[in-house]
Amino acid sequence: MTATTPILDGVGRGHRLFAVRLQVLAVLLASAVWLQAAQDRTPPAAGEEPAAPLTSNPQVLVIFSDDSSQSWIRQLTDGFYVAGAEGGPNAPAWYFEYLDAVRFQDARQADHFQTAIREKYRDRRLDLIVPVGSNAIAFATRVREELWRDVPVLFASYAGSVRGDAKALRNASSLSFESGYGDALATVKDLFPDTTTIVVAAGISAVERALEADLGAAVTRAGLTFSDLSATTMAGALEEVAQLPQHAVLFIAGGQVDERGSVIPTWQLCDMMSSTANRPAVMLGAQFLGCGIVGGLMRDYLKVGTIIGERAAVALSRDRPAHEVMPFQAIATMKFDARQLLRWHVDEARLPAGNVVEFGEPSLWRDHRRELLIVLAGLIVQSATIAALLYERRARQKAEVDSRRSFALAAHVDRRAAMATLTGSIAHELNQPLSSILHNAEAAEMLMTSNRATVEELRDILRDIRSEDARASQIVQRHRAMLRQHELEKRPIDIHAVVRESLQLIAHDAAARHVQIEADVPQMPCIVVGDQILLQQVLVNLVLNAMDAMKTTPPGRRRVTVRSAVDGDAVEVSVADRGPGLTPDVSSRLFQPFMTTKPDGVGIGLAIVRSTLDAHRGTIHAGNNGEGGATFRFTLPLAVMA
Amino acid sequence: MTTPSASQPLAPGSIVHVVDDEEPTRKAMSRLLGAAGFEVRTYGSGDDFLARFERHTPGCVVLDLRLPGGSGLDLQTVIAECDNPLPIIFLTGHGEVRDSVRAIQRGAIDFLIKPVDGTVLLDAVSRALAQDSANRAVRTHLQDVRERYERLTAREREVFAHLISGQLNKQVAADLGISERTIKLHRARIFDKLQTDSIAALTRIAIDLGVDPVRATP
Numbered sequence: 001m002t003a004t005t006p007i008l009d010g011v012g013r014g015h016r017l018f019a020v021r022l023q024v025l026a027v028l029l030a031s032a033v034w035l036q037a038a039q040d041r042t043p044p045a046a047g048e049e050p051a052a053p054l055t056s057n058p059q060v061l062v063i064f065s066d067d068s069s070q071s072w073i074r075q076l077t078d079g080f081y082v083a084g085a086e087g088g089p090n091a092p093a094w095y096f097e098y099l100d101a102v103r104f105q106d107a108r109q110a111d112h113f114q115t116a117i118r119e120k121y122r123d124r125r126l127d128l129i130v131p132v133g134s135n136a137i138a139f140a141t142r143v144r145e146e147l148w149r150d151v152p153v154l155f156a157s158y159a160g161s162v163r164g165d166a167k168a169l170r171n172a173s174s175l176s177f178e179s180g181y182g183d184a185l186a187t188v189k190d191l192f193p194d195t196t197t198i199v200v201a202a203g204i205s206a207v208e209r210a211l212e213a214d215l216g217a218a219v220t221r222a223g224l225t226f227s228d229l230s231a232t233t234m235a236g237a238l239e240e241v242a243q244l245p246q247h248a249v250l251f252i253a254g255g256q257v258d259e260r261g262s263v264i265p266t267w268q269l270c271d272m273m274s275s276t277a278n279r280p281a282v283m284l285g286a287q288f289l290g291c292g293i294v295g296g297l298m299r300d301y302l303k304v305g306t307i308i309g310e311r312a313a314v315a316l317s318r319d320r321p322a323h324e325v326m327p328f329q330a331i332a333t334m335k336f337d338a339r340q341l342l343r344w345h346v347d348e349a350r351l352p353a354g355n356v357v358e359f360g361e362p363s364l365w366r367d368h369r370r371e372l373l374i375v376l377a378g379l380i381v382q383s384a385t386i387a388a389l390l391y392e393r394r395a396r397q398k399a400e401v402d403s404r405r406s407f408a409l410a411a412h413v414d415r416r417a418a419m420a421t422l423t424g425s426i427a428h429e430l431n432q433p434l435s436s437i438l439h440n441a442e443a444a445e446m447l448m449t450s451n452r453a454t455v456e457e458l459r460d461i462l463r464d465i466r467s468e469d470a471r472a473s474q475i476v477q478r479h480r481a482m483l484r485q486h487e488l489e490k491r492p493i494d495i496h497a498v499v500r501e502s503l504q505l506i507a508h509d510a511a512a513r514h515v516q517i518e519a520d521v522p523q524m525p526c527i528v529v530g531d532q533i534l535l536q537q538v539l540v541n542l543v544l545n546a547m548d549a550m551k552t553t554p555p556g557r558r559r560v561t562v563r564s565a566v567d568g569d570a571v572e573v574s575v576a577d578r579g580p581g582l583t584p585d586v587s588s589r590l591f592q593p594f595m596t597t598k599p600d601g602v603g604i605g606l607a608i609v610r611s612t613l614d615a616h617r618g619t620i621h622a623g624n625n626g627e628g629g630a631t632f633r634f635t636l637p638l639a640v641m642a
Numbered sequence: 643m644t645t646p647s648a649s650q651p652l653a654p655g656s657i658v659h660v661v662d663d664e665e666p667t668r669k670a671m672s673r674l675l676g677a678a679g680f681e682v683r684t685y686g687s688g689d690d691f692l693a694r695f696e697r698h699t700p701g702c703v704v705l706d707l708r709l710p711g712g713s714g715l716d717l718q719t720v721i722a723e724c725d726n727p728l729p730i731i732f733l734t735g736h737g738e739v740r741d742s743v744r745a746i747q748r749g750a751i752d753f754l755i756k757p758v759d760g761t762v763l764l765d766a767v768s769r770a771l772a773q774d775s776a777n778r779a780v781r782t783h784l785q786d787v788r789e790r791y792e793r794l795t796a797r798e799r800e801v802f803a804h805l806i807s808g809q810l811n812k813q814v815a816a817d818l819g820i821s822e823r824t825i826k827l828h829r830a831r832i833f834d835k836l837q838t839d840s841i842a843a844l845t846r847i848a849i850d851l852g853v854d855p856v857r858a859t860p
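Chains as they are written, first to last, in the working numbering: chain S, 1 to 642; chain Y, 643 to 860.
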């Protein structure tokens with residue numbers, strides 16, 4: 001807002017008030033939209049949160065194979081809540097337990113877990129058990145009879161099918177998902193058509209080994225060569241991925257536990273591997289997008305969790321167990337990492353339809369669209385206001401310029417009339433002395449011709465001639481003084497603008513006379529101190545003279561060239577014509593009053609030009625130019641900047 | 643310069659009257675006309691001119707259109723009322739069309755715009771004097787003829803009117819009821835008094851004086 005204030009300076013008070021009102025309106029509007037947006041972002045009120053477990057609601061125990069810190073596990077649990085929210089007030093209450101089977105593999109650990117579960121849920125009525133993942137399925141299958149003999153079970157496997165002995169249990173349903181390896185590999189081939197080899201990085205756990213076997217089969221089915229990282233240490237693996245074959249793609253399938261048995265968070269693993277790898281890396285889990293993988297068709301664990309939750313709700317209300325296999329498409333999502341696409345030179349235009357590209361260059365538009373729209377709307381309103389005001393101002397300035405120009409034109413006309421009166425007056429007054437001088441001279445000539453002249457009479461005649469000449473001179477002086485006294489009004493002006501305006505004044509005249517006017521006048525202002533109208537008159541006089549000089553020039557060749565150029569501490573303006581040029585006789589008397597070559601001329605124009613330039617401490621010279629015609633040049637001292 | 647010089651024949655005794663309020667102009671003009679052989683009188687105003695100029699002397703007036711105390715056109719009117727109005731050459735600094743038209747309509751010889759070239763002025767003056775001279779000759783002749791005609795008796799004027807209509811003596815005699823011999827007597831006396839000897843000369847005099855011929859009675 002403050003930025004606009006200086007722009008609005010100089011605008012009428014009424015306009016400013018109007019502008020302020022508009023801006024206030026814009027701000028109010030923006031605030032309203034902003035508040036609305038803020039409300040949308042506010043976390044849901046307590047009442048809207050998933051219902052707290054109530055004893056009347058069905059209670060479901062979900063057992064995960066992995067530990068709760070794994071990202072996909074968190075997404076799975078989120079999915080259960082999503083499904084629960086869809087269930088309304090009668091939604092199940094979820095209990096989650098984590099086997100962490102990859103790190104706690106021996107049977108005693110499972111026994112401890114079993115004991116813990118039994119103690120923990122001793123007083124709880126459980127309506128459904130949902131083991132998720134192969135380890136959880138195995139555990140549940142084993143302890144079912146002991147712990148939850150009559151409780152229905154829904155076995156869920158998101159990678160690979162549910163083992164047969166589990167499905168065979170009484171009152172046990174199963175839900176499995178296609179692994180999706182084939183589809184994922186297909187998108188890899190879409191992105192990198194020259195791929196020949198898939199190098200798989202997987203952990204050493206049994207589960208991972210099993211997964212790797214599935215993946216290996218899918219790679220072979222896709223017509224690609226399957227390869228395995230041979231290294232058993234993280235350092236070795238990283239060395240290996242830095243030197244992958246040329247047409248390989250790294251498939252990170254797992255590897256949570258390193259050779260020393262410590263857990264490496266998958267994200268960190270992916271980050272290390274993909275940043276070291278000399279070839280693109282992909283993963284199956286969509287939640288890893290951003291760790292360094294390119295992306296593609298990936299498994300969305302939120303969807304997986306949601307589906308398991310939904311099926312759990314169904315299983316609660318159903319008598320008969322069911323066995324389902326979910327297609328990969330149901331849980332797949334197509335996402336890419338813009339940074340990786342850039343790194344591996346994949347054109348975004350080549351991506352399959354329906355894709356989502358994340359991690360693009362921070363895009364304000366994408367990230368803050370609503371805020372941007374609000375700001376934009378505000379800006380538009382402001383800009384429109386400013387534009388309207390500027391337009392007004394320009395219109396007013398234009399009107400001012402127009403009126404000034406009309407004034408100058410009027411002044412020009414007025415001046416012409418004044419000049420006509422002045423020259424008339426001068427002519428009338430000068431007629432008397434001029435007649436006397438003429439007649440005296442003629443009389444003397446006649447007397448001498450007829451030999452009747454006496455010395456006394458001739459002396460008398462010459463004295464009279466001299467006194468009449470003095471009288472004529474007085475008349476001229478008086479008029480010149482009047483001209484100077486009354487008209488000179490000096491102030492800093494742009495002589496280039498004066499030149500341009502003068503040319504505009506006579507443009508019509510020039511066209512009527514078929515004279516082309518060529519102006520070479522810089523746009524850059526050139527400041528002199530002077531009387532704008534008088535200097536305009538100088539220009540007009542010179543150009544009119546130039547046009548007069550070309551009466552005998554063929555119309556096609558009639559051209560007046562006006563140039564203006566700064567030279568040192570003065571500006572020189574030249575007016576060149578294509579007339580016959582100046583004869584030596586004429587050029588010597590050019591600036592004298594009453595010197596004219598025109599039949600109806602008074603011979604005062606150039607005298608006035610010169611007296612005007614004298615009054616401006618300027619100079620004027622005339623000469624013939626090389627290619628014919630005459631050039632008048634005048635100079636004016638540049639204004640001295642204080 | 644092909645101006646008239648003193649050697650050229652001029653109207654003898656003619657005077658060029660220069661009326662101009664500017665003394666140097668008057669003087670210069672007088673000097674120029676004088677150098678050209680004219681006799682010049684100068685006047686600073688119309689009143690000065692009317693007071694001093696000799697009405698019967700031939701000449702012309704060079705008159706500034708703009709004079710103090712009345713324009714040159716007023717002076718022209720007064721001059722025109724004289725028995726022998728002098729031809730006028732107008733001079734002016736401004737070529738006012740309306741004034742020049744009026745001046746010419748009233749018989750001005752010329753209308754010159756200052757500063758006027760000496761040749762042009764002298765030509766105009768010469769023409770004006772010649773005009774004046776011619777005017778005066780016509781006036782003198784008419785005066786002469788009128789005086790002679792006035793010497794005719796009433797009977798002689800009657801016979802004169804009949805004779806100029808081309809009638810024979812016999813017809814005139816019949817018309818007037820007198821004898822043909824008496825008519826012949828009157829005719830001889832008319833020729834004598836009017837100093838002519840032909841009917842043609844009589845007819846010219848009748849036209850100059852505006853005497854209407856008397857037609858023979860049918």
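Simulated from the structure, these hints should not be mistaken for lab results. All residues carry an ideal CB built from backbone N, CA and C; glycine is no exception. Don't take every hint at face value.
[What the hints assert, rightly or not] Computed spacing ranges between beta-carbons, pair by pair:
#, chain 1, residue 1, chain 2, residue 2, range
1, Y, Gln747, S, Gly626, 54 to 62 Å
2, Y, Gly749, S, Ser587, 43 to 51 Å
3, Y, Val780, S, Thr454, 36 to 44 Å
[Unchecked claim] The following residues of chain S were derived to be distant from chain Y, with all beta-carbon distances above 12 Å:
#, residue
4, Gly87
5, Ala427
6, Met448
7, Arg452
8, Arg471
[Said to hold, decoys possible] These stretches of chain Y come out as covered by chain S in the derived footprint (C-beta under 8 Å, 3 or more residues):
#, region
9, 716-723
10, 752-760
11, 783-797
The hints, checked one at a time:
{"no.": "1", "hint": "Gln747(Y) to Gly626(S): 54 to 62 Å", "in the structure": "holds (58 Å)"}
{"no.": "2", "hint": "Gly749(Y) to Ser587(S): 43 to 51 Å", "in the structure": "holds (48 Å)"}
{"no.": "3", "hint": "Val780(Y) to Thr454(S): 36 to 44 Å", "in the structure": "holds (40 Å)"}
{"no.": "4", "hint": "Gly87", "in the structure": "holds (115 Å)"}
{"no.": "5", "hint": "Ala427", "in the structure": "violated (8 Å)"}
{"no.": "6", "hint": "Met448", "in the structure": "violated (9 Å)"}
{"no.": "7", "hint": "Arg452", "in the structure": "violated (7 Å)"}
{"no.": "8", "hint": "Arg471", "in the structure": "violated (8 Å)"}
{"no.": "9", "hint": "716-723", "in the structure": "violated (count 0)"}
{"no.": "10", "hint": "752-760", "in the structure": "holds (count 5)"}
{"no.": "11", "hint": "783-797", "in the structure": "violated (count 0)"}
Violated hints for the displayed structure, listed by number in ascending order: 5, 6, 7, 8, 9, 11.
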